[in-house]
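Chains as they are written, first to last, in this note's numbering: chain A, 1 to 145; chain B, 1 to 721.
Worth flagging that the hints you see were computed from the coordinates, not collected in a lab. None of the values given here were measured: they were computed from a predicted structure. Positions of the beta carbon are idealized from the N, C-alpha and C atoms, including for glycine. Wrong hints could be hidden among the right ones.
Here are the computed distance ranges between Cβ atoms for each label pair [stated by the list, open to error]: (1) B/492 x A/86: 39 to 45 Å; (2) B/537 x A/23: 18 to 24 Å; (3) B/608 x A/128: 23 to 29 Å; (4) A/128 x B/494: 32 to 38 Å; (5) B/485 x A/35: 46 to 52 Å; (6) B/608 x A/86: 38 to 44 Å; (7) B/485 x A/54: 48 to 54 Å; (8) B/593 x A/35: 53 to 59 Å; (9) A/27 x B/692: 44 to 50 Å; (10) B/531 x A/23: 50 to 56 Å.
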Amino acid sequence: MNYQHVEILLVEDSVADAEMTQRTLKRRGIANDIAWVKDGAEAMDYLHCQGVYADRPQAHPRLVLLDLKMPRMDGLQVLEQMKSDPRLRAIPVVMMTSSREEGDLLSSYNLGVNSYVVKPVNFDEFAETVAQVGMYWMIANQAPA
Amino acid sequence: MPEQAPQTTSVSVRSGEFSRPWLLLGFALALMILLGISVEAYRQSRRAEATRIAVTHTLLVLKQALELENAATLMESRHRAFLVQGDPEFLTRREDSYAAALKMTDQLGRLVSDDPPQVARAAQVRAQLQSRHATMQQITDVARGQGLAVARAEFHPYGPASSDPVRGRLSQFRDVEQQLLSHRSELANRDARRLDSLLIYGTAAGIVIIVVALLILLRQLGRSERMTAELARANADAMRALDLLDATHDAVVVYDADSLRITYANLGAAEQVGYPRQDLLGKPVLDLKRHYDEASFRRLLAPLLAGEIDVLAFETSHRRRDGSDVPVEVSVRCRKLADGKSSLVTVARDISARRRAEDERDRFFTLSLDMLCIASADGYFKRLSPAFTVTLGWSIDEMLARPFLEFVHPDDRAATMAEVERQVVAGEPVLQFENRYRHKDGSWRVLSWKSAPQPDGLMYATARDVTERKRAEMDIIALNRELTEQQAALTASNKDLESFSYSVSHDLRAPLRHIDGYARMLVEDVGANLPAEPRRYLQTIIDSARRMGMLIDDLLNLSRLGRKPLQRREIDMKALVDSAIAEIAAGNPAVIGHIEVSSLPPAAGDSSLLKQVWLNLLSNAIKYSEPRGADARITVHGERMGDLLRYQISDNGVGFDMRYVEKLFGVFQRLHGQDQFEGTGVGLAIVHRVVQRHGGRVEASAELDRGATFTFELPVSEVAS
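Given only the sequences and the hints, what does the whole structure look like? Please build it.
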């Protein structure tokens, strides 16, 4: 495992959600290196190493946790761009959302999302969910070489 | 042809005919000649007969005279013989002869009784005879007395000539008779010759005349036979022609031009006017004519009789025997007959069917609510049905007086003209178009036309007033537009509602999660160090956040129910209830022992929504019967009630106050305190909503502390669909 790599890219406009997610992942020991961006546009900059991220090391995160509803560019748009880009297509994307709307869920799966997770209101459940998702995609699931 | 045959026959008869009087005269002449011959022959033969009798008589007289002379001679001889021989035998014989001679003399006298001189001569002969006999008697006496010699001497003086006086007298007599005989014979010969020539020439003349007459007659007979045959043939032809005439339904009537009386009528005529055929013969033809008196009828026939026209054709009515009328189409021809008279041949066709059709057509034309018209290419109406007046207010005359284009709305005239040209010039078969016509009151009526052209350049068209329909169409279009707008507004507000619930779902839950999350983090990080009271505060924050999360979730569920389309399917209700119980039992296995489910009729509906109904009702029942502990009883059963499927769930729980039953199915309505029973007050609202969307109804009944029963009904027709 290369510890120079950012392991998880968290795309989340909510500071509180981001903090809670990061706290959970770190406390459970799933990932230490978590990059956090606040909207879709920033996420695309990060993934393409452009804009303010032009100088970052040329390496892809092992997992993208993507919030659905964000300013500028929302989660579905990011997902669509990633899955249509051969270089980014292999990165697992987990949609993290407050929405139970079926339309969003269907759109996400149609665009090739790897998991779709509704953030529980209950923090315990939230933490459990985040931990399980991180565990699965970071440890159990083997990325293509 | 058959009518000409008798004419030619009559001509040939006349040309070869001997006049009857001449023929009769010939026969009369022949008859008279033959009659004359017969009469004359008869007379001649009678005369000849008389002559023959007279001759015979004369011959008889002559014979008698001869025999008398013989007898006298015999008497003389026997007398002499006696004188010579003296034999008395001779005397006897002399007396016999004398007696015979006397008798003969008497006979002779009788024979010539019609001839007095001869009678006288006969009498002289007798006298001579008697005188001689007397002499002889004297001599005999002498002989007897004096002897034969004396007697011979006595006798001798008279000698042989002593008998001459008798013979002389007789000879005279015979001479007379002889003359008579030759005279009568000559007469008889002459008569016979006359009769012969009469017979020969008269018979010949009679035969000639008869032969000539016979020849003439034979010739006439031959002609007559030929004529009869020709007549028979002509008659047969005529009969055939008349039979043919009986085959037609048209009435064929022939009548005399002078008397106007019917001389022939075919079967069709009899049928047409309802008279027996024989009644028609001799009937004045005017009896059948309804519209003519004699003067007017003769005026009508005049040009025909004058030869100015060949055929007279007209329509009229024939009066039937029962007084009704038959409309007929009549054609009359004139035939000049050989005798100079004229015969009129009429053919009358019953046109009542045609009249009826025309009447019906006219009636339709008049009665039609649609406007019917005939227009010509010159731009004028030719005929209009009264419906035009009804619709447009103009009288028919007003509409006929002006070109139809003048009635058309100025904006529609060009289009109308184009349609007319398309029809008349291009021969388009059927046209359908609309235009506006001016009503007499100045308003415009929209007429929908259907028009078909005819080869004669006329257009037959129907029009319908569609003004009201047009208006209604406009109204409908306006209404539709309004409806579409409303629909759009509704869709928009629905969208608003959706985005509202979306934002509720997303934006309200996030802060809640944060409240909960940060409170938890606080408890995690410093909870152990906090006094009990602040820890309780933190716990309340966490509980409240969770509860609000549940409320939001239920609310979203409810709103989703309203929008989601129903997925109707056949449902095994029992299986559905069992699966709902199993789901509940997953978190609380103890409940199974308290629930009793009887058989349930199947239904049709959205199984996921109906399962939610059962979940909510079962959860409620379990929740409110929990205080009963091990005695808690929940029963589920269902039945079909006519058109309804009724499902019921009863419990023996705490029940509720029926005074508040109406609040039961409202959103966020609760009859129990949150501290008593957990719940958001949305569950029954969802039940109500789902049942309602299935076309059913739900109700509840309860008694405080005794339990509650929830009943919902679904229409059975849903099963079929």
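Each hint tested on the structure:
1. At about 41 Å, the beta-carbon gap between residue 492 of chain B and residue 86 of chain A stays in the expected band of 39 to 45 Å.
2. Checked against the hint of 18 to 24 Å, the pair residue 537 of chain B and residue 23 of chain A passes, with Cβ atoms roughly 22 Å apart.
3. Against the hinted window of 23 to 29 Å, the Cβ-Cβ separation of residue 608 of chain B and residue 128 of chain A comes to about 27 Å, which satisfies the hint.
4. Evaluation of the 32 to 38 Å hint for residue 128 of chain A and residue 494 of chain B yields a pass: the beta carbon distance comes to about 36 Å.
5. Range check, residue 485 of chain B to residue 35 of chain A: Cβ separation about 51 Å, and the 46 to 52 Å hint holds.
6. Take residue 608 of chain B and residue 86 of chain A: their Cβ atoms lie about 40 Å apart, and the range 38 to 44 Å holds.
7. Under the hint 48 to 54 Å, the C-beta atoms of residue 485 of chain B and residue 54 of chain A, about 53 Å apart, fit the expected range.
8. Take residue 593 of chain B and residue 35 of chain A: their Cβ atoms lie about 55 Å apart, and the range 53 to 59 Å holds.
9. Checked against the hint of 44 to 50 Å, the pair residue 27 of chain A and residue 692 of chain B passes, with Cβ atoms roughly 49 Å apart.
10. Under the hint 50 to 56 Å, the C-beta atoms of residue 531 of chain B and residue 23 of chain A, about 25 Å apart, miss the expected range.
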